[in-house]
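Could you slot chains B, C, D, E and F onto chain A? The hints should help.
Chains as they are written, first to last, in the numbering used here: chain A, 1419 to 1756; chain B, 1419 to 1756; chain C, 1419 to 1756; chain D, 1419 to 1756; chain E, 1419 to 1756; chain F, 1419 to 1756.
Incorrect hints may appear among the rest.
All copies of an identical chain are treated as equivalent in the list; a pair is satisfied when it fits inside any one copy or across any two copies.
[Claimed, not checked] Within a straight-line C-alpha distance of at most 30 Å, the following computed DSS-like cross-link-like pairs (lysine-lysine) qualify:
#1 LYS1661 to LYS1543
#2 LYS1516 to LYS1432
#3 LYS1665 to LYS1546
#4 LYS1432 to LYS1543
#5 LYS1454 to LYS1543
#6 LYS1502 to LYS1454
#7 LYS1661 to LYS1516
#8 LYS1516 to LYS1665
#9 LYS1502 to LYS1524
#10 LYS1524 to LYS1543
FYI, nobody ran anything at the bench for these hints, they're computed from the structure.
6 protein chains.
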Amino acid sequence: MPEYPPLLSVRDVKALGAAGGQAFASLLVVRRFATKTAGNGNPFLSLELGDRSGSFSCTVFGDSPVFDLLRSAGEGAIVRVEGKIDYYQGKLSPRLAKASVVEESKLTDPAMVSNLVENSPEDPKGLKAELAGFVASVARPELRAAVQAVFDELGEVFLTAPAALGMHHAYRHGLLEHTVRMARAAQALCPLYPEVDRDLAMAGVLLHDTGKAIEYEGTLAPRRSRRGLLQGHVVLGYQLVRKAGMKARLDAELLERLEHIVLSHQGQLEWGAAVMAATPEAVLVSMIDNLDAKMGMVQRALRQAAAGEEFSERLPGLETALLTRPPPPGTGATAGSG
Amino acid sequence: MPEYPPLLSVRDVKALGAAGGQAFASLLVVRRFATKTAGNGNPFLSLELGDRSGSFSCTVFGDSPVFDLLRSAGEGAIVRVEGKIDYYQGKLSPRLAKASVVEESKLTDPAMVSNLVENSPEDPKGLKAELAGFVASVARPELRAAVQAVFDELGEVFLTAPAALGMHHAYRHGLLEHTVRMARAAQALCPLYPEVDRDLAMAGVLLHDTGKAIEYEGTLAPRRSRRGLLQGHVVLGYQLVRKAGMKARLDAELLERLEHIVLSHQGQLEWGAAVMAATPEAVLVSMIDNLDAKMGMVQRALRQAAAGEEFSERLPGLETALLTRPPPPGTGATAGSG
Amino acid sequence: MPEYPPLLSVRDVKALGAAGGQAFASLLVVRRFATKTAGNGNPFLSLELGDRSGSFSCTVFGDSPVFDLLRSAGEGAIVRVEGKIDYYQGKLSPRLAKASVVEESKLTDPAMVSNLVENSPEDPKGLKAELAGFVASVARPELRAAVQAVFDELGEVFLTAPAALGMHHAYRHGLLEHTVRMARAAQALCPLYPEVDRDLAMAGVLLHDTGKAIEYEGTLAPRRSRRGLLQGHVVLGYQLVRKAGMKARLDAELLERLEHIVLSHQGQLEWGAAVMAATPEAVLVSMIDNLDAKMGMVQRALRQAAAGEEFSERLPGLETALLTRPPPPGTGATAGSG
Amino acid sequence: MPEYPPLLSVRDVKALGAAGGQAFASLLVVRRFATKTAGNGNPFLSLELGDRSGSFSCTVFGDSPVFDLLRSAGEGAIVRVEGKIDYYQGKLSPRLAKASVVEESKLTDPAMVSNLVENSPEDPKGLKAELAGFVASVARPELRAAVQAVFDELGEVFLTAPAALGMHHAYRHGLLEHTVRMARAAQALCPLYPEVDRDLAMAGVLLHDTGKAIEYEGTLAPRRSRRGLLQGHVVLGYQLVRKAGMKARLDAELLERLEHIVLSHQGQLEWGAAVMAATPEAVLVSMIDNLDAKMGMVQRALRQAAAGEEFSERLPGLETALLTRPPPPGTGATAGSG
Amino acid sequence: MPEYPPLLSVRDVKALGAAGGQAFASLLVVRRFATKTAGNGNPFLSLELGDRSGSFSCTVFGDSPVFDLLRSAGEGAIVRVEGKIDYYQGKLSPRLAKASVVEESKLTDPAMVSNLVENSPEDPKGLKAELAGFVASVARPELRAAVQAVFDELGEVFLTAPAALGMHHAYRHGLLEHTVRMARAAQALCPLYPEVDRDLAMAGVLLHDTGKAIEYEGTLAPRRSRRGLLQGHVVLGYQLVRKAGMKARLDAELLERLEHIVLSHQGQLEWGAAVMAATPEAVLVSMIDNLDAKMGMVQRALRQAAAGEEFSERLPGLETALLTRPPPPGTGATAGSG
Amino acid sequence: MPEYPPLLSVRDVKALGAAGGQAFASLLVVRRFATKTAGNGNPFLSLELGDRSGSFSCTVFGDSPVFDLLRSAGEGAIVRVEGKIDYYQGKLSPRLAKASVVEESKLTDPAMVSNLVENSPEDPKGLKAELAGFVASVARPELRAAVQAVFDELGEVFLTAPAALGMHHAYRHGLLEHTVRMARAAQALCPLYPEVDRDLAMAGVLLHDTGKAIEYEGTLAPRRSRRGLLQGHVVLGYQLVRKAGMKARLDAELLERLEHIVLSHQGQLEWGAAVMAATPEAVLVSMIDNLDAKMGMVQRALRQAAAGEEFSERLPGLETALLTRPPPPGTGATAGSG
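Pulled out of the complex, with its shape left as it was, chain A reads as follows (with noise of 0.2 Å):
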C-alpha cells in the first residue's frame, strides 16, 4: 500500500492549525454515518471519521469525487482519504479528494489497527489460548462439550467484541479479555469456596457474557444492534447456552443451573439480571464479574494516566478520580512469603 503523503493521525491533523488549506492522508474508521436530503432533494452524507486519537464530522455532497465510494463503504468501514484542512461552523471539516476502502484483514502491520481503535492491553492470541485451555479444564465431558459449542457457534466474533460501549473492557478483544480474567479469578477462589462446584462455576464464567458478541455489532465502530436492543445480552445468552446444552445432551438439572448462572450475573434486577443469583456458583460467578468490572476500570485509567498527574479524571464507574501513582517501596523488605 504505497502511501504519499505518509498518513497523519486525527490529532496531528487537527495540530496543522486553523489556517485551512493543508493537504493531508489519513487512515480512518467510519464511525457515524447518515444519507440526508438536503432542501434542493440531493441527498449528501453526514460521516463522522476518526481514529484512536480523535474524530470530526464530515459533510460529502453528490459532487464530491469521493461520494459513491463513500456511499458504499457504510459505518465501520476503515477509508484511507486524502484532502484538504477546512473549517465550517469553527469546527475541522475537511475536504476530501480521494478515499479508498481498506479490509481490516489486508491492514499489514499490527500498530495499524491500535492506531485506529483501543484493544485489549493483552495479547489476542495468548488470550484465546488461555481461554481454551480453560475450557478443557472443565471435567464433565458434556458441560465442557456445551462451553465449547457455545464458542464454536460465535467464532471469531467472541474474540474481537467489546466487553462494554462504556463502562469497562469497552474496546476490542475486551470481553475475551475480560472473561479470561474472571476465569483466572475463578480458578483462583473456587478452592477457598469448597461449596462452591467449581467445573460449574467455571463453565459459567466462560459463557456469562457470550449474548454481548451478539448484543454489539461491528468492532471498529461497534453500537447495539437490533437483537441487542430488543432482547439483551442475558437473554441472548442463556439462549445461546440452552442450544447448546441440548446439542451437548448435558443432564437437564446441570443445564437449569448453567442457565441460571448466566441469567442471574448481572446481579441486580435494575442492572438486567432476570432473576437474582440463587445458587452458590451464580452468587460466586456474579461476585466475580463485578469484582472484574471494577479493576478493569482501574486498568484502564492507569494505562491513560497523564504523566504529570495525581489522579485520574473522575471515572462514572467508581464514583471519584483514582490515585495514578504506585504506593512508595518503604524502608526494606525483610519478611514475607505470600
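Quick look at chains B, C, D, E and F alone, frame taken from chain A:
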C-alpha cells in the same frame, strides 16, 4: 459442675408442652436485661433468656429467690437456672427457683458454648494461627509492625467478635473468620492484578474491619456499643490504624493509603464508606469484602439447610431463596486440570 | 361424601371458643407442610391447614392416627379432618383424630372449592371461551398457531393458575382472568392507536404472562416453583413462546417482536423486565398490563369491602386506602350518549 | 405580505456556508429574549431566534436599525428579519438590517405556523369538535356544566397549549390532543370496568390537565409561568375545577371526587401528585394518563423517524431506542374478527 | 363521678395475671370500632379499647349488656367500663358487664385526659396565648387578618389536633406545639436572613400545617379523615389560606406567596410538597419545619428515656438510637456570654 | 504597578470581536495547568486563564516568550499578560507576548481580587472578628481551648477557603461566612431547645466543616486535594478535632460528643456522614447546616439576579428556579412587634 436434672435446651423446654408446672434446668445467656418499676413502685427485672435453639421472656419480681443474683448478672451473662414451666399471655414464661452465674472460662466442654450461641464453623485456633501467618507475610517491616500493633491492642476481643449483628458472619468468631477468608482471597487474587500492591492490600484486608471489635460489645449477646453508635466501625478502625501506624513510624504516604482502604472499604457512601475507593488496593479490598460477605451468607444458609427442603428461606442479603442441594455429578470426568 | 358432623370453616372452628375439647370436622387445604425431627429423633409433621376463612398450625407426631395419611398427602392436598379443639402457646392447635384425602375432582359442589380458596369473580368457563375467541381473532395464521401452541402445551395449568402470589389477581383462575381482561382492553384500545399492529399486540397480550403458569405451582396452596426461582416468569414465558413460534414456523421477525413483548412487559428492569419496551406493541402491552393490575386491586378491594367502612385497609399496591362507596347519582341525567 | 428575497428556514441559512456576507430573509420566533448592559453602560439585546428547523443566537446593539423594534417585540413574538450572514466565536450570528413584527393571526398560510413550531399531527378543529362531543357526553347536568365552565374560562389558551415542555405531546395543540386521546381511551375502557363511574371518569379525563394551560405560557416559545412555578399544574387545575364546580352547584361529594382525580392523576407523589389515587375513577384516569403519555412518545418518534434508520435515538421517556419500522405482514390472513 | 372499684390502667389490668376472672374497672378510649356479622347472621362489635399505658381487643356480642351502649358510642368515645379478666387466643380479652360514655368535658381532673392519651409537654393554654401573640406580630393588617381568619374557622380543632399520626409531635396538642415552636424559631432566625420578609415567613409558619386539623379527625383516637385521604393536608391548608386571604382582601401577590409557602413546605415532592420552595420565605419555612420535626423527635425520646438506659430505642425518624444522657459539665466555666 | 494599556476583563476581551489581532492586557488566574508533549516530542502548556467574568483556553509552545514564566507559575497563580487576540477552532485563544506573576499580597486594590474571583458578600475582617467572639463564648475552658487550637492550626487557610466547589458558599471566604452564619443561627436557636447543650452545639458548629480547609486547596482556583479525595472533609475534620481536644485535655466524653457532631453533620450517610446524628447537639447542628446551606443558595441567587428577570435560572440545590423579586409591601403596617 454437678447437674441434676440434666440441662435442657430452650427448644426442649418449649417441647414440654402447654400444661405447665414441669420442672427443668437450663444453661442460658441473658440476652436482654432491663430493670423496670411496677405501678406499686417495686423494681422488677424484664429479661430475655436464650440459647442457640431459641429464647423466652421472663419477668422476675423483687420477692423472687433469684432476683438479686440475676440483677447483678446483667446482659451477656451465662446463667444456670432451674424452675417450672409457666405461661403468661400465651407465651412460655417460666418461674425461676434457682439461678447461678457461670463464667465462660469455666465451661469445660466446648460444645457447651456452641449450644449457647452460634459459632464460626471453622476452628478459632486454626484461624488465629492463619491470621498470624498473613500478618507475617506483609513484607515491609513498618507496615507489618503497624498491622501487628492493631491486633496487639485489640487482643482477645478481635478473636471472638462477630462480623455483623444481622447480615453476614453474624456469630462468635465471625470477624476473625471473615478476615481470614478475605486474606485467603486476596492472597489468591493479587497475582492476577499486578497493579495492586500486594503488601498494602493484604494489610488493608487484615485491618479493614478491626473497628467492629469496638463497634460491637459482648460476644454472647452482642450489641452496638456507645462508641459504635457515635463513631461507627469505619472511623473506629481508621483511628486504630492511624495510632498503630504512627507508633510503627510507618511512611506517611503508606499510612495514608492504608487509612484510605479502611475509610473506603464499605464500597458505597450509603453503606457507610467515608469516601469512595480511589486506589487500586482500596478498590480490590472493597470488592473482596463484598464477595466474601455474600459467600458467607451462602455458606450459612447451606449449614442451616433443612433436610427435606430444596430451597432455604428467602435470604434478605441475597434477595432470594438459595438452592441448597448440590448439583448432580454428571456422567463422567475424563478431562480437567483446574 | 356422607358427613357427620357438618363441616365447619376455620372461622367457625375458631369461634367455638377457648375452652378446648369441642369436636369438629372440616374440609381444608394443606397450605404448608414440613417433616421435622424432634430432639428424641422421632419425625413429626409441622402443618398449616386452612380454608378461605383462615388457617391454623398443627403438629402431628408419629404416634398420631393421622400421621401416615397426612405425611403422604403433602402440600396443596385437600383433606377432610375430624378432631378436637386444643390450644398450644395460646393459639388454636387441634388434635386430629381422623383424616382423609379428597380429590379436587370429587368435590361435586363448586361452592366447596370456593370455600377452600379465593377464586376469580368471573366464571372460569366463560373466561376460557372468551380466551379462545381472542386466540381465533389473531389474523395471521402462523401467529395464531403459535399462540394456540402455547396454550396447548400448558393445558389446564394456565386456566387455574393465579396471576401473582400477593399483589393483583392473586387467586385461583386469576391468571386467566387477568389475561382475558387485558385482551378486552387491547381490543378496545387498538383502534385508537393505529401505529400498533393489532394482531401482534393481541398475541402479545395473550402470551405475556404464560410463564407464570410455570413460575407458580399448586392452585390451592400456590408457591414459587424451582423453575420460577431459577428463571423467573419472563424468561419462562419467552421460552414457551420461542418454542411455539418455531413449531408454527412463524416468520423470524414476527417471532422476535412477539418474544420482545414478553421480555419487556414488566415495564421496568427493577420489576423484572429483561429489556425496556422498544416497539409500539410492547409499549402498549406493558401499559395495559400495569393498568389492569391496578384495576384488579381496585376490584378486589371493592369485593372485600366491609359493610360499615367507607375506606378499605391501606392497599400496598395503590399506596393508599380505597374509597369503596359509589359516587352519588347527582340530580338527573338529561344528556350524554358516551 | 410581499417578500423579496424568498424566506429561508434556519437550516437553509446555515447551509449557506461559512464564508459570511450572504443576504437572507427569514420568518422566525423570538425564543429567548434578554436585555443586558455592556461594559460601557449601553444596553443591548441577547436573542435566540428560531423556527422548527433550528435556531441561532443574535446580539443586537443599541445602534442597530432593528434595536427598537426587537426590544418591543419580546419573547414569543414572530418577526420577519433581513440581514447578512456573519459568525461570532465560530457560530452563526447574523447582522440584522431589517425587522418587522408579524401577528400570528396575519399568517395566511397554515403551513407558515407549521414551519415556525411543531404542531399536533391531528387537525385542531377536529380535536376541538371532538372535545365538545365528549363534554356533551357527560350525563349528570351539573357535572357537565362544571366541565364546560372550566373550558369556558380557559378559552383559546387550552386549545393551543402544549401538554409538556419536554416529555410527551410537547408541542402546540399537544394538550388538546392528549386530552382528546385520553377521552377516547376512557370511552373505550369504561365498559370493561363497570366499577368505574363513567361520567365521573370522563369529566376527570377532560379536566385533569387543565392546569397546564396556566402552568405554561406562550405557544410559540412556551415556558413555565410564574403561577406554574409557584403552584404547579396539579393545584392550578384543582382550583379551576373547584371554582367551576361551585359555580355549577355540583353536589359536594361529586365535586370532592372530581377534585381528587385532578389531585391524584400524576400517579406518584414524586411525579407531583398531591395524594395517591384512592377512588376507582382516579386510579383509572391516572393509568390512562400514563398510557397515553407513553404512546404519545411512540407516535412522535415514529413521525420523526429518519428514512434509513431502523431505530430512533434513545428516548428518555421510554429509556430505550424505538424500533420504527412496522412488522412484516406475515404470509396471509384467513381468520380473525377482532 | 363516684367510682367503686378504683379505676385501673390497661397496664394495671394486664398485670393482674393470666388466671382470669378478676374484676376491674377502667376509663378507656374506643380506639378502633367495627360492627361485624357472625356466621349465624348476628351482629357483634369488634373493639380496641385503650389508654396511654396500652390497649386490648374486645369482642361484644349482641346479647351482651353493654352491646347497645358501645354500639352507639363509636370510635374515639371515652367509656368507663367494668368487667372481668378473660383471655382469648392467649390475649387479654375481658368480658364487659357495665359501660357508660363519659363526655371529655366532664373529666374534671386534667390528669385523667393525660392518662387516656399522650399530650403535648407544654401547657396548651400558654401555647394558645403565645400563638395569639405571633398572629398579632404580623405587621401587614390584611395579612394578619388572613391568618386570624384561618384560626377562626378551625377553632378548637386546631388547638387539640396532633401534628402527625406517627412521626413527630404525634399527640394531642402536638400541632399547636409544633406551630408555636416553629414560630419561635422563625422569630429568632429572621433577623439573620434579611432577604426573608419576616412578616410573610411568620404568616407562613403559622398557617403551613393548618390543613392537618382537617386531615386528622378525632383527638383521642385520631385517624386520617376522608378529606385527608382524598386531598391531603397540603391542599387542604392551601384551600383554607386561599379562602381566608380572599376574605381579608389580601393583595393578590402576597396571597400567592403565602399559598406557595403552604404548597411547598413539605420540602420534597415525594414527601408531599406540591411544588419545590421557590421564594426565600418558602425555603426558610420548609427548613424550619424539618428542623423542628427532628428536634421534636429528640425531645420526645428524652421524655420517654428509660432510667437505666444510655440510649433510646432506634428512632425511625432519626435512623439511629439517641444518646439520652446529658453531657458532663466539664471542669469550669469562666468565659462565655452567648 | 504601571499599566499600559489598561487591563481588560475576559468579558471585555471577548467583546473585542472576531476579527483577531487586537492587542490587550489582562490580570488573570491560572485556573487549569497541564504540561503536555506534542507529536514532535516538544513540551507545551495547556492552560485555562480566567477572571470572574469568564475564561479562555490557551496553548503556549516551547518557543513562546512566556513559556518559561508560565511553566513555573502553576495552577492558581495570578498573572498579568499581554498579547493579541486570536482564534483556534472558533474559540478565543490569544497569543501571549508578555507575562509576569503577581503576588496576591501585592494587589493594592481589594477590588482587583474581587475582579479575579467571587468573594463572600460579607467583609472577611468582620467575619473573622465575629468568629473570635463565638469562640470566646464557649463557656467550658477546655472546650474553648480545643476550638481555638483547631483554628490556630489552620490559620489563614480557614479564613479564605470556600465552603464547597459547586453547591453553596462556593467562593473565597465562603467557609468562614457559612461557619459564622451557622453560629449566629445556633446562638438564636439554642434558647428554644433547652435540651441542647449550648456550649457543645456552638463548639460543634464552629468546627463541623474545618476539614474543608484541607479538603480543598487553592483559593483562587480551588480544587479537591489529595487528602480531600482520600479521606474526605468529615474524617479530616474529625482528626483535627481529636488532636486539638487531646491537646486541650478535654474531658473524654465531651470530646467524644464533639467528634460525633463532626462525624454526623452531613445528615445522611449518602451525603457523607460517617454515622447518623445521635445526640441532641448533633441533630441540631446537622439541621442548621442544611438550613444555612439552602439559604446560602437563596442569597447568592438574589445577588446574581438579572435586572429584568423575575426568576433565577433553575438552581440544582433547590430543584427549582427562585423568585428573585421582593414581595409587595401591602397597604400598611399598624401592628406587629416581632
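Hint by hint, here is what the structure shows:
1. Taking the closest pair of Cα atoms, LYS1661 and LYS1543 come within 30 Å of each other only inside a single copy of the chain (27 Å); across copies the shortest separation is 38 Å, beyond that limit.
2. When the C-alpha separation of LYS1516 and LYS1432 is checked against a cutoff of 30 Å, the pair qualifies both within a copy, at 19 Å, and between copies, at 26 Å.
3. Only within a single protomer do LYS1665 and LYS1546 lie at most 30 Å apart by alpha-carbon distance; the minimum there is 24 Å, versus 37 Å between protomers.
4. Within a single copy, LYS1432 and LYS1543 get their C-alpha atoms no closer than 34 Å, and across copies no closer than 50 Å, so neither meets the 30 Å cut-off.
5. For a Cα distance limit of 30 Å, the shortest separation of LYS1454 from LYS1543 qualifies neither inside one copy, at 41 Å, nor across copies, at 34 Å.
6. With identical chains, the CA atoms of LYS1502 and LYS1454 are at most 30 Å apart both within one copy (23 Å) and between copies (27 Å).
7. For the identical chains of this complex, LYS1661 and LYS1516 are neighbours neither inside a copy (47 Å) nor across copies (51 Å), given an alpha-carbon limit of 30 Å.
8. Within a single copy, LYS1516 and LYS1665 get their C-alpha atoms no closer than 50 Å, and across copies no closer than 52 Å, so neither meets the 30 Å cut-off.
9. Taking CA atoms no more than 30 Å apart as the test, LYS1502 paired with LYS1524 passes inside one copy only; the shortest distance there is 26 Å, against 48 Å between copies.
10. When the C-alpha separation of LYS1524 and LYS1543 is checked against a cutoff of 30 Å, the pair qualifies only within one copy, where the shortest distance is 18 Å, while the shortest distance between copies is 63 Å.
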